[in-house]
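Novice: Sequence positions in the sequence shown follow our numbering and run 296 to 466.
No lab work stands behind these hints: they were computed from the structure.
Where hints are given, some of them may not hold.
[Said to hold, decoys possible] Label-pair ranges, simulated between beta-carbon atoms: (1) Asp413 x Ser300: 14 to 20 angstroms; (2) Ala450 x Ala301: 47 to 53 angstroms; (3) Asp422 x Ala342: 39 to 45 angstroms; (4) Glu420 x Leu366: 17 to 23 angstroms; (5) Leu366 x Asp416: 19 to 25 angstroms; (6) Ala376 x Glu420: 27 to 33 angstroms; (7) Glu365 x Ala386: 29 to 35 angstroms; (8) Glu370 x Leu443: 35 to 41 angstroms; (9) Arg390 x Glu365: 21 to 27 angstroms.
Note that the structure is predicted; figures quoted are calculated from it, not measured.
Note that CB positions come from ideal geometry on N, CA and C, so glycine has one too.
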Amino acid sequence: MKAASAELLHFLAHACELEQEAHDRYTELADALEAHNNGEVAAFFRAMAEEASRHLAEVSLLAAGLPLPELKAWEYDWPDAEAPETASHEAAHYRMTLREAMELALAQERSAGAFYRDRADRASEEDTHRLASAFADEEADHAEHLALRLQDLPAVSELAREDDDPPHLPE
296 MKAASAELLH FLAHACELEQ EAHDRYTELA DALEAHNNGE VAAFFRAMAE EASRHLAEVS
356 LLAAGLPLPE LKAWEYDWPD AEAPETASHE AAHYRMTLRE AMELALAQER SAGAFYRDRA
416 DRASEEDTHR LASAFADEEA DHAEHLALRL QDLPAVSELA REDDDPPHLP E
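Turn these sequences into a full structure, and let the hints guide you.
Specialist: Okay, here's the thing in structure tokens:
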């Protein structure tokens with residue numbers, strides 16, 4: 296068996312971090328929504344965290360025994376400030392609906408897919424290209440599944456976010 300290239304090791308390090316950050320953020324969102332008694336959305340985010348955990352296990356298995364580079368947070372080559380599948384805290388709201396949660400997750404799945412597709416397109420080695428393409432296809436499948444589920448959900452009312460008990464802030 297040939298040794299893994301630096302390009303492949305760098306890609307796997309990014310894939311591990313991407314899935315770990317997705318898992319952590321979805322878990323944070325699930326915990327927050329659970330604390331606000333938004334059980335349906337909390338359960339959805341928890342399921343997304345479990346999915347990210349499964350992906351992390353798959354990537355970790357592929358990377359087992361390989362000398363992955365130990366990158367500092369600022370050394371990751373993300374298209375934005377955070378990993379592509381990491382849902383924004385700002386996009387979440389304690390009264391968000393299941394539709395809004397799925398739309399947020401759909402955007403993250405598409406972002407991860409685009410990241411992996413870009414890595415596949417820029418790969419100079421076949422192993423990296425093949426693996427990144429497979430990951431991109433998997434993210435595209437997840438996005439398609441979420442898009443189909445969204446079709447069955449009602450549109451969000453403008454009143455959905457109206458807060459019956461807004462915070463009282465000093466003036």
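Novice: Determine for every hint whether it applies to the structure shown.
Specialist: Structure-based check of all given hints:
Range check, Asp413 to Ser300: about 18 angstroms between beta-carbon atoms, so the 14 to 20 angstroms window is met. Roughly 48 angstroms separates the CB atoms of Ala450 and Ala301, a value that falls within the hinted 47 to 53 angstroms. Between Asp422 and Ala342, the C-beta spacing of about 32 angstroms breaks the proposed range 39 to 45 angstroms. The supplied range of 17 to 23 angstroms is met by Glu420 and Leu366, whose beta-carbon atoms lie about 19 angstroms from each other.
About 21 angstroms separates the C-beta atoms of Leu366 and Asp416, a value consistent with the hinted range of 19 to 25 angstroms. At about 28 angstroms, the beta-carbon gap between Ala376 and Glu420 stays in the expected band of 27 to 33 angstroms. Remark: the range hint 29 to 35 angstroms for Glu365 to Ala386 is upheld by a beta-carbon distance near 30 angstroms. At roughly 37 angstroms, the beta-carbon separation of Glu370 and Leu443 lies within the given 35 to 41 angstroms, and the hint holds.
Between Arg390 and Glu365 the Cβ separation comes to about 40 angstroms, which falls outside the hinted range of 21 to 27 angstroms.
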